[in-house]
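Q: Assemble the whole structure, with the sequences as input and the hints as a guide.
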Amino acid sequence: MPEITREQVAHLARLSRLALDESELDAMASQLGVILGAVAQISEVTDAADVPPTTHAVPVENVTRPDVVVPSLDRDEVLAGAPAAEDGRFRVPRILDAE
Amino acid sequence: MTDAVPYAQALAEFEPVIGLETHVELGTASKMFCGCDTSFGAEPNTHTCPVCLGLPGALPVVNALAIESTVRIGLALHCDIARWCRFARKNYFYPDMPKNFQTSQYDEPLCTDGYLDVDVPQADGTVEVVRVPIERVHLEEDTGKSLHVGGATGRIHGASHSLVDYNRAGIPLVEIVTKPVVGTGALPAEVAKAYVTELRDVLRGLGVSDVRMEQGSLRCDVNVSLNRPGEEWGTRSETKNVNSLRSVERAVRSEVERQAGRLRSGQRIVQETRHFHEDSGLSTSGRSKEEATDYRYFPEPDLVPIAPDEAWVAELRAALPEAPSVRRKKLTEELGLSVLDSQAMVNAGVLDAVLATVEAGAPAAEARNWWLGHLAQAANARGVDAADLPIRPEQVARVVALVAAGSLTAGLARQVVDGVLAGEGDPDDVVAARGLAVVSDEGALGAAVDEALAAQPATADKVRAGKVAAVGALVGAVMKSTRGQADASVVRRLLLERLGVPE
Amino acid sequence: MSTPPGGDLTRLTAAETAEVIASGQASAVEVTRAHLDRIAAVDGAVHAFLHVDEAGAIAQAEAVDAAVADRATTTGALAGVPLALKDVLVTRGVPTTAGSRILEGWIPPYDATVTSRLRAAGLVMIGKTNMDEFAMGSSTEHSAYGPTHNPWDLGRIPGGSGGGSAAAVAAFEAPLAVGTDTGGSIRQPASVTGTVGVKPTYGGVSRYGLVAFSSSLDQAGPCARTVLDAALLHEAMAGHDPLDSTSIDAPVPPVVEAARQADVRGLRIGVVRELAGEGYEQGVQERFDEAVALLQELGATVSEVSCPHFAYALPAYYLIAPSEASSNLARFDSVRYGLRVGDDGGNSLEQVMSLTRAAGFGPEVKRRIILGTFALSSGYYDAYYGQAQKVRTLITRDFTAAFETVDVLVSPASPGVAFPLGAKLDDPLAMYRQDLATIPSNLYGGPAMSLPVGLSEGLPVGLQVMAPTMRDDLLYRVGGALEAALQDRWGGTLLSLAPELPTRQSPAPHPEV
Ligand SMILES: [Mg+2]
Ligand SMILES: [Zn+2]
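Protein chains in written order, with the working numbering: chain A, 1 to 99; chain B, 1 to 503; chain C, 1 to 513.
None of these hints come from the bench; they were simulated from the model.
Any given hint could turn out to be false.
Unchecked claim - Facing chain A, a subset of chain B residues (Cβ under 7 Å, in silico):
{"#": "1", "residue": "28"}
{"#": "2", "residue": "37"}
{"#": "3", "residue": "42"}
{"#": "4", "residue": "44"}
{"#": "5", "residue": "47"}
{"#": "6", "residue": "161"}
{"#": "7", "residue": "163"}
{"#": "8", "residue": "164"}
{"#": "9", "residue": "499"}
{"#": "10", "residue": "501"}
As the list claims (entries may be wrong) - So the derived label-pair ranges between C-beta atoms look like this:
{"#": "11", "chain 1": "B", "residue 1": "320", "chain 2": "C", "residue 2": "346", "range": "43 to 51 Å"}
{"#": "12", "chain 1": "A", "residue 1": "3", "chain 2": "C", "residue 2": "290", "range": "28 to 36 Å"}
{"#": "13", "chain 1": "A", "residue 1": "84", "chain 2": "B", "residue 2": "155", "range": "47 to 55 Å"}
{"#": "14", "chain 1": "B", "residue 1": "230", "chain 2": "C", "residue 2": "359", "range": "54 to 62 Å"}
Ideal placement from N, C-alpha and C gives every residue a C-beta, glycine not left out.
A: In structure tokens:
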């Protein structure tokens, strides 16, 4: 079973912007280990076979749209859904950590 | 802090390796993956929709013209065009990026392996051609813009909060990446500037972007490393936010000086992102602690692969405009501009603008005079390159034409150009709005002529007495009272008529 | 038609409902009211709905009635029929949560293509149905708003993630519902609630406006009580959409015609060897075998077919889906919509984002985000996500090879009948195994259907039909034939055997404040 450490989970949580507490990190580490153990069996078939990966179920290519402008949304409606807005813009907390 | 080593001295001691990543906003009418308007300067968040806001459920659809423009750029840069490629998601969190991934290209760019030949002015006054190798050209999307509030001068540092506008989010962005450029010797900064200048001219010639550095539609990241001769390449830094031609040169120059200073005193160069400051011409370290970035690229499942048809690519190749370098050579030969002259224009980065002005109908001498004269002064006053001024060659040509037609005097023409630079519209708009047309109507001028004669009776007598040259003072007075709008030759004729002196 | 005026309008099929409305026997408003009343009476116990749009539904029904009255206007085949939408499809002006706390209170400013198409076809959207958060689950217990209960036994799960849509249809709260199926989320709920559920060919129905879970697998489809009803809804929602780049630009397969044809004579049916045996309940296997025998009686040729790589479908799915989900769910960041937690002036944006996502996502969603982030991270991509994409190729090859010898494949839709609420909540792997039989079609992209074939321990059992891509019509041929034969044996629909639900009279309006 692949060993997933708590530190690894903490790093993944940081990458995915999830503030997990200590007990969640522990629980997640052991569950991930179990799940990864269960999915590891796929290498049984893929290691042996020289197969290309499939990324799209239906093989379609070159789907594009013409360069034509279509009306945008009404800004009031857009900002109405925002947790905070100011001067026609989305308001967010300061981006950098306080030094 | 170690002392920087002066540029020339640094390059006598170390070999530079430079690299440039250029981001170009394409001039499509609509965004990369949605139909929102791309025009600059709209009210914040009025050019947004579910797709470019990353609303739940929204899906992207590729702008066909963006693909075409990217392929044309690749062809103009002598690249191979991919037979089959996919978009990828580049995953990282940033508030300017609505989906928290950028739809970009990763290991399958549309164009690879090209080059661009650039003219580099040498210290001895000659111009040498340097071939800059191109690694890749790929297509992605731009981010929104944040306004930082509550800190000093709108900087992100010290801000209490930020305000985000997504109008620019999703504008098609082409990234052009050079391979490491070696062998630039004593001129890495000059090569970097010449490359960006030439690239900009190529892009403008293709008509794929308005390449306005001051509006951010052309932006550069500059990579620099130094090594002692015979040693391996040094650690490189990446300077971001280089937003004018002269800054490209300054950014390389200051980074060469900074790194040489560190290396000379035995310090390491940290692999880092640095931010360039237009005001000081210096850069500062972007991140104190190097954050482990892992973009977790994977093929974008919401978009299908792009497989450019070979016949279509061949058509695009055949229809490419002449390369600026070829066009320049041809035109300078045709027009008989002296080598020295064209070199002055290369140095000022305006050769392309001059030629475009000529192509728009202006005589070569007039075009050159404008770009090396009044416009060069205006650029200097603004601290930008003349080619970055908010005036187009066609607009300059129009002013030249108005002068030739007698509708503008030289002085009025300068006022019209200043109006265009001030954003008052096309030359004809400025003429109309400022009321700058030459007045040659004799009735309208008569009163001013009479006034001048009455004000300077002594001068009038001199002229009557046969000193015709003295009429110049009277003409000047009329020109002054009409604020330069009078047709000087008509004024002179009227004055002489009134004074009964034959021409 | 068996409904005299005054009869229970909620017991009609969708096809019958449309006819009753078109012929003027009942108005669309009356039909809508009957269903709103039914919801008021039973949904307290079932909890199929997260939001009921009473005003919007009545307004839409009135518009249909006006169109019916105006002879000049032609109305669609399902005009006036009430519809429940899984809460993962965005609805302009009507809340959409995807079963998550992080979207609580969000009012979308736009309609999903499916939403707008069905509105335009005259269907009356009565509400949004409960689901596992972001469609991650097989029991609807991972909804942030509490579980849905199986109308056959309120102590049991209705399947998932589209348990709300299946339960709404099974509980006669709506004749039709839309579900979405990433790994079985339409078919497994259909199986355990005794209803019909279809996952169309990937690309057959637009995903524009479907809150993404796993983009390369997600597909919306119909939930109904009969095969014909499913076909009618399928036809109304499917078709090319220029707003979805993965949408197939081809005519919708003739699903309604096939459902009416309901003929399997000469059809070659393959029983998938790997989707049986260990892990499949005995009662499920028995009902399945009987149904296969019945298909043979109806004139189909039945043979056993091996799809050796199906065994690897589940692990491949649990790498692909979480990987794509980890990226798709990154947009829930507290900036443009949804929840924001911890914006106290002190916390930075990164802290606020992390706190918001920690508070707004439930444990299963967090588990999959972490798993997907891991599977995509540098150094692991090739071993996990990359390998899973190769399994996808192998599974597609299995299907392609099988369809050289048979026209459709069949299997049990779910390895078991509905299990008690809470039984598998602490064992993610056991929960994941609910989708053993349904996942292969998602990885391949082909269409698949679950339809009821009887009871085991008094609970419904579903049979799955799988067809080649863009041969969705074959599902309906098989389903229609099997349904007719089974209903002959049962003397009615399977759902008519379901126990009556406890009802609650809608509370009288209280005059006091
Ligand atoms: Mg980039
Ligand atoms: Zn947009």
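Q: Indicate, hint by hint, whether the structure satisfies it.
A: Status of each hint after checking the structure:
For residue 28 (chain B), the interface hint holds, the least distance from its beta-carbon to any beta-carbon of chain A being 5 Å, beneath 7 Å. For the restraint placing residue 37 (chain B) at the interface with chain A, the shortest Cβ-Cβ distance is roughly 5 Å, inside the 7 Å limit, so the hint holds. At about 9 Å, the closest approach between the beta carbon of residue 42 (chain B) and any beta carbon in chain A exceeds 7 Å, and the interface hint on this residue is violated. Because the smallest distance between the Cβ of residue 44 (chain B) and any Cβ of chain A comes to about 4 Å, under 7 Å, the interface hint for this residue holds.
Among the interface hints, the one on residue 47 (chain B) holds; its C-beta lies about 5 Å from the nearest C-beta in chain A, closer than the 7 Å criterion. Taking 7 Å as the C-beta contact cut-off toward chain A, the hint placing residue 161 (chain B) at the interface holds, the least distance being around 6 Å. This hint holds: residue 163 (chain B) has a C-beta 4 Å from the nearest C-beta of chain A, less than the 7 Å allowed. Annotation: residue 164 (chain B) was flagged as interfacial toward chain A, and the flag holds, the nearest CB pair being 4 Å apart, inside 7 Å.
Below 7 Å, beta-carbon pairs count as interface contacts, and residue 499 (chain B) has none with chain A, the closest being about 64 Å; its hint is therefore violated. Because the smallest distance between the Cβ of residue 501 (chain B) and any Cβ of chain A comes to about 65 Å, over 7 Å, the interface hint for this residue is violated. The beta-carbon spacing between residue 320 (chain B) and residue 346 (chain C), approximately 56 Å, falls outside the hinted interval of 43 to 51 Å. Between residue 3 (chain A) and residue 290 (chain C) the C-beta distance comes to about 47 Å, which lies outside the given range of 28 to 36 Å.
Roughly 21 Å separates the CB atoms of residue 84 (chain A) and residue 155 (chain B), a value that falls outside the hinted 47 to 55 Å. The given range of 54 to 62 Å is respected by residue 230 (chain B) and residue 359 (chain C), whose C-beta atoms sit roughly 58 Å from each other.
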